[in-house]
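**Student:** Sequence:
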Amino acid sequence: MKKIKLLKTLYVDLLLLTMILIVVTPYLIRGGFSVFHEEVVEGSIITLLFMTGYAIYIFYNQAIARAETQIKEIEQNNTDLQGRIDETFRYIGELNVQISEIEEVFSAIKKYPENKKDFKQILEFLAEKILGIVPTPWVLLRIVDLGDESTVKEYCGVRAGVALLKHEIHNSALIKHQLPPELLSYTSGQDNLTIKAFCIFPEQKLTREQTIFLKAITNQLEMLFIVFTSPYTVHQGEEKRLRSEQPKQQQKQMPVKKPVPVLKKRGIFSFPHLSPKTEPISSSSKGTTNAARNEKTLSIDH
703 MKKIKLLKTL
713 YVDLLLLTMI
723 LIVVTPYLIR
733 GGFSVFHEEV
743 VEGSIITLLF
753 MTGYAIYIFY
763 NQAIARAETQ
773 IKEIEQNNTD
783 LQGRIDETFR
793 YIGELNVQIS
803 EIEEVFSAIK
813 KYPENKKDFK
823 QILEFLAEKI
833 LGIVPTPWVL
843 LRIVDLGDES
853 TVKEYCGVRA
863 GVALLKHEIH
873 NSALIKHQLP
883 PELLSYTSGQ
893 DNLTIKAFCI
903 FPEQKLTREQ
913 TIFLKAITNQ
923 LEMLFIVFTS
933 PYTVHQGEEK
943 RLRSEQPKQQ
953 QKQMPVKKPV
963 PVLKKRGIFS
973 FPHLSPKTEP
983 ISSSSKGTTN
993 AARNEKTLSI
1003 DH
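In case it helps, the numbering used here puts the sequence shown at residues 703 to 1004.
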């Protein structure tokens, strides 16, 4: 702007000087030359002054045009710079929101799920956080058994006011990463488990931070499911203890049967036990057989 003002001032000054010279030219020239008359000399000088004024006008217009072009370029650069600044602040704001959402995902769960209701609430919570960060109309969280490719758990979160279209998502396609092109899926990163957690939603253009967030949520879901099904959690330990106490309680409730006396049988295959009451063999019984004597003197228990 200062340059334009300077050009305007210079142009006006030169124009005034030219006009003054045109006016005073007849008074300055009082006679002709040996070759030219006075009128010719005055006309020539006035014509030269007019041409000088016109040249000054052309120069002024060109200088003004260049200055205006530079001003427009500066304004355009300022507009672009302001747009980039606004975009940067908007990106920083979105990043702060995503960071707060990530912190809430990892810090809001103060207690591991103890039953199916608690685990469903965790699924709803994670789906809500995904819908809050990723501009997707719906999201599907699914846990798949890699052995028989069956669905262990799943939950579908839908944004308010959005109609959910029907999609057939097969577990085999999820495991082999062969989904239709209109769908995206993120899976948990652990390779030494028999289950996999998946996060599926329609095709979206995601930032690097959003991708990291989705992978973190998928891994978090898989870890929570492992903890939920672990035998070392409180609810699993209580169930195991109750299952172990049920046979004992049933055994205590059953009536105690009295032992039935077993009659001792005699036989030659049992260890011989000498009866404490043995009668002496009299001389009159010397004629008895050895079998009769053994029967009288030995008591064989079975």
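Hints are computed from structural coordinates only; laboratory data are not their basis. Using N, Cα and C, we set each Cβ at its ideal position, and we do this for glycine too. One or more hints might be untrue.
[Claimed, not checked] Lysine to aspartate or glutamate pairs mimicking EDC-like chemistry, simulated, CA-CA at most 16 Å apart:
hint: 1; residue 1: Lys822; residue 2: Glu924
hint: 2; residue 1: Lys855; residue 2: Glu884
hint: 3; residue 1: Lys868; residue 2: Asp893
hint: 4; residue 1: Lys917; residue 2: Asp820
hint: 5; residue 1: Lys710; residue 2: Glu770
hint: 6; residue 1: Lys907; residue 2: Asp893
hint: 7; residue 1: Lys831; residue 2: Glu806
hint: 8; residue 1: Lys774; residue 2: Asp788
hint: 9; residue 1: Lys917; residue 2: Glu803
hint: 10; residue 1: Lys855; residue 2: Glu826
hint: 11; residue 1: Lys878; residue 2: Asp847
hint: 12; residue 1: Lys855; residue 2: Glu924
hint: 13; residue 1: Lys707; residue 2: Glu770
hint: 14; residue 1: Lys917; residue 2: Glu884
hint: 15; residue 1: Lys822; residue 2: Glu775
hint: 16; residue 1: Lys831; residue 2: Glu775
hint: 17; residue 1: Lys831; residue 2: Glu803
hint: 18; residue 1: Lys878; residue 2: Glu911
hint: 19; residue 1: Lys818; residue 2: Glu856
hint: 20; residue 1: Lys831; residue 2: Asp850
[Claimed, not checked] Quick list of the computed label-pair ranges, beta carbon to beta carbon:
hint: 21; residue 1: Thr754; residue 2: Glu777; range: 33 to 41 Å
hint: 22; residue 1: Asp782; residue 2: Ala875; range: 41 to 49 Å
hint: 23; residue 1: Lys907; residue 2: Leu712; range: 33 to 41 Å
hint: 24; residue 1: Pro904; residue 2: Ala810; range: 22 to 30 Å
hint: 25; residue 1: Lys907; residue 2: Tyr759; range: 28 to 36 Å
hint: 26; residue 1: Arg861; residue 2: Glu770; range: 45 to 53 Å
hint: 27; residue 1: Arg792; residue 2: Asp820; range: 35 to 43 Å
**Student:** Are the hints correct? Go through all of them and say.
**Tutor:** Structure-based check of each hint:
no., hint, in the structure
1, Lys822 with Glu924, "holds (13 Å)"
2, Lys855 with Glu884, "violated (23 Å)"
3, Lys868 with Asp893, "violated (30 Å)"
4, Lys917 with Asp820, "violated (22 Å)"
5, Lys710 with Glu770, "holds (13 Å)"
6, Lys907 with Asp893, "violated (27 Å)"
7, Lys831 with Glu806, "holds (9 Å)"
8, Lys774 with Asp788, "violated (20 Å)"
9, Lys917 with Glu803, "holds (14 Å)"
10, Lys855 with Glu826, "holds (12 Å)"
11, Lys878 with Asp847, "holds (13 Å)"
12, Lys855 with Glu924, "holds (11 Å)"
13, Lys707 with Glu770, "holds (12 Å)"
14, Lys917 with Glu884, "violated (19 Å)"
15, Lys822 with Glu775, "violated (58 Å)"
16, Lys831 with Glu775, "violated (44 Å)"
17, Lys831 with Glu803, "holds (7 Å)"
18, Lys878 with Glu911, "violated (25 Å)"
19, Lys818 with Glu856, "holds (12 Å)"
20, Lys831 with Asp850, "violated (30 Å)"
21, Thr754 with Glu777: 33 to 41 Å, "holds (34 Å)"
22, Asp782 with Ala875: 41 to 49 Å, "holds (45 Å)"
23, Lys907 with Leu712: 33 to 41 Å, "violated (55 Å)"
24, Pro904 with Ala810: 22 to 30 Å, "holds (26 Å)"
25, Lys907 with Tyr759: 28 to 36 Å, "violated (55 Å)"
26, Arg861 with Glu770: 45 to 53 Å, "holds (49 Å)"
27, Arg792 with Asp820: 35 to 43 Å, "holds (37 Å)"
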